[in-house]
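Chain D is fixed; fit chains Z and S with the ligands onto it per the hints.
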Amino acid sequence: MPDINPNTAPALATPAEPHKGSPSLQRQRQRAAFWFLAPMLIALFCVAAWPLMRTIYFSLTDATLSNLYDAKFIGFQNYLQVRELSSGRTIYRGTLVDPDWWNAVWNTVRFSVVSVAFETVFGLIVALVLNAEFKGRGFVRAAILIPWAIPTIVSAKMWGWMLNDQFGILNDILLNLGLISQRIAWTASTETAMKAVLIVDIWKTTPFMALLILAGLQMVPRDMYEAAKIDGIHPVKVFFKVTLPLIRPALMVAVIFRMLDALRIFDLVYVLTPNSSATKTMSVISRENMIDFDKFAYGAAQSTLLFGIIAVFVAAYIWIGKVDLSGEKSR
Amino acid sequence: MAKIELNNVTKSYGAVDVIKGIDLTIEKGEFMVFVGPSGCGKSTLLRLISGLEEITTGDMMFDGQRVNNVVPSERGIAMVFQSYALYPHMKVYDNMAFGMKLAKSDKGEIDRRVRNAAKMLQIDHLLDRLPRQLSGGQRQRVAIGRAIVRDPRVFLFDEPLSNLDAALRVQTRLEIAKLHHDMNDVTMIYVTHDQVEAMTLADRIAVLRDGKLMQVGTPAELYDNPNSIFVAGFIGSPKMNFITGEKAQAEGATTLGIRAEHIDLDEGGPWQGEVVHAEDLGSDHYLFVDIGTDEPVIVRRSGKLNVPLGTRVGLRPRPQDLHRFGPDEKPIRR
Amino acid sequence: MSNRSLLNTMGFYALVVIIVVFACFPFYYAIVTSFATGTQLFQVQYWPQQLSWTNYNAVLGNSTFVRSLFNSLFIASLTVGFSLLLAVTASYALARVRFRGRGLLLMTILAVSMFPQIAVLAGLFELIRFLGIFNTPWAMILSYVIFTLPFTVWVLTTFMRDLPVEIEEAAIVDGATPWVIISQVFLPLLWPALVTTGLLAFIGAWNEFLFALTFTSSETQRTVPVAIALLSGASQQEIPWGPIMAASVIVTVPLIVLVLIFQRKIVAGLTAGGVKG
Ligand SMILES: Nc1ncnc2c1ncn2[C@@H]1O[C@H](COP(=O)(O)OP(=O)(O)OP(=O)(O)O)[C@@H](O)[C@H]1O
Ligand SMILES: [Mg+2]
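Protein chains in written order, with the numbering used here: chain D, 2 to 332; chain Z, 1408 to 1741; chain S, 10 to 286.
Taking beta-carbon pairs under 7 angstroms as the criterion, some of the chain S residues facing chain Z (in silico):
id: 1; residue: Glu175
id: 2; residue: Ile176
id: 3; residue: Asp183
id: 4; residue: Val194
id: 5; residue: Pro197
Calculated from the structure, these hints are not laboratory results. Cβ coordinates follow ideal geometry from the N, Cα and C atoms, glycine included.
In isolation and in its complexed conformation, chain D is listed as follows (with noise of 0.2 angstroms):
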């Protein structure tokens, strides 16, 4: 997908006939445009295309972070390797036998579908709360844009805090509310991590999802609500016949934008829920490989099939939902 290749490069149509003199408005034009892109896509080979060859070639080799150069091509190895020991047992090694990264996957695909359902369904509530006309709107709004503001590292801390399984504040007012009957270590705890990592990122990423729908509910004719009131139709039916229809493509893209960050999640996790195995994610337990435990070509491998699966499903999601997302046809 990020590869930049000259195929994609602006292609100076061929005039219509062989042109004398000078040269035309729109070639002029176009050999304008293919300058002005040229540096943005030198600068993006360099910091995308090019280190995205090297890391799927380095899935091939038994690189280590301290041998980069040495390293041997070792075919797929990394991900599946046979071996038929003498014994006459075949031993299977290699990513995709491996429980962690398989239960790594589980939990990026637990955390994505689980965090995207809520962002979307409370998104939404936040949006149509925003377009309805009400007093202090401005306030509230510029009130929901905080958590999207504040890095999510700080988050990850500050929820750390609030989710302390001695002092938080979290498990002081359920205490206090009679919801639990002893404190939670939410983020230690096998059981509440997850949770705690998903309560964060909607707490942060909802801010976001509102206002990409309140964007596209601010496109809905208001005639159209007017109409439907005048007509005595039931609020909750207008929602599902006229309203949610016509966002609709603002709700996929919003979607597929949360979905794509959600499947790399990273630093929310690395902060909030350290070395905890319910939620290491893909791009932890990459990390962790090729850096931390120096099994620099085993972790490049991985981070290959993460890319493969994102390649995917994004694949998927336009075929199938002929989601216009370059904005080209629209126009």
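Just chains Z and S with the ligands now, with coordinates in the frame of chain D:
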């Protein structure tokens, strides 16, 4: 100042042919108006002449020189857009001077030309304002001024008056006519929807339909001798009456055309019918008479006319003003 | 007003209150904590008991933290400046010039901005070591381009598309080259969009964690998120919550102020780009 020739010019966007082979010569100093239904390609043709769009096939000549690949700024044209297209962040003066500044003209010369043009259009007191501080009419004048400063061989106008209100439109129309008169010999090409603009401004009118040229001629020629049913129906308001069937065959035509003012009320006339509607425009009076054709025939009389609805009247078309069209929709020559 | 609609209104405002409290409370609580010291930290307080600047003094007196503030500022500014520079011309070409493969190119750029950053980590790591910029700000400046550049290009392209065509055509007739159109006609009209886009990209760079964590090794080279994440006390048991909250407030308040000032523009930029900040 330039003679413009189009030789079999076509324009396609991908598979869509928008201009389908146009031959047209616009003489030096001529005021040419393009008219036609919406989407017929008037703007496209104008933009081909300006060079903003490239022609797909054919040749375009300015004063005998082939300009197919010459960029707009080197064609010696100036363009006035419907939306004025002033640079919002530049003062009026800079808006008008921008082109000359880019051409690295002499400062004094720029100043002289900008002030001249401003004086001509009576906008010299506005030179220090930004476009947003101007009214619609003033903005359009600045846009025209910007064109004048470029001292072009050809002026191109794309519906320049359609964003103005009726009164301002008349006034600006007169100014454009005066401009054409004063800047003797400058060629002007003007796209419009407005019949009156076309008839009053044009030396010649080109009627386009679906990317093809239907007829070119002076306003009077088009009005009196349309070469097709389409042109006959397009030029003139109210629209020419068209009659088919027996009544047309009686005159030896497939379709008979007659303008509303060329029909007399006459009890013994060949067409008999009932008045179904009447419109009083003050100076003129329109009667809509149902004579058994698909649409009522419109009769135009000057002054007041008191004919109650439902009255039976007789109509007599003036024989010398009858337009007879054959089955190919072309006039039948006698 | 009937009882029913009164109830509806009350329900609505209750919802509004819940939303606002949820959105703001964690930050409020961070502020409360940042002013608490000693044993106060170990009793839950809903209201600030005192205004003690001890934690702030501790954080700002810590030269490595101050250093990381400057690192972050330097890195984010340079990345954004560089990205905007390349993005302005590129977005003009993408928004304004018709050429084959434009849609595909736009999709590619979008894809890069949505890219899982871990997928380039290994390759970037090699590149950075090869360039000899490991553990310097340049490592971050280089790697942040991967998300700031596509983002700025994308958002500026959507803004650039909305500028009227006729203004550009008038400029072409006036003899303006594409470069003149960008620099003398479009840029003056686009600066609000530039500020917005730049600010959003700045926030993105300021908050980045994965690259900053991986490409630095010494305390003095850290950016703020890494510094906060790794801020530790004397022992494992003793997490310095007070100073951490003070540091959090310090790095967040400027962002919140900026976001509130540019609120409308940011909402426009976010939704125009449809890309996360
Ligand atoms: N860039 C383009 N790509 C494809 N088709 C186009 C393009 N520009 C114009 N067309 C088509 O060419 C035809 C002629 O358009 P043009 O703007 O010249 O019409 P017009 O006569 O000026 O109409 P109007 O009176 O409404 O201004 C239209 O059918 C239009 O849809
Ligand atoms: Mg037009």
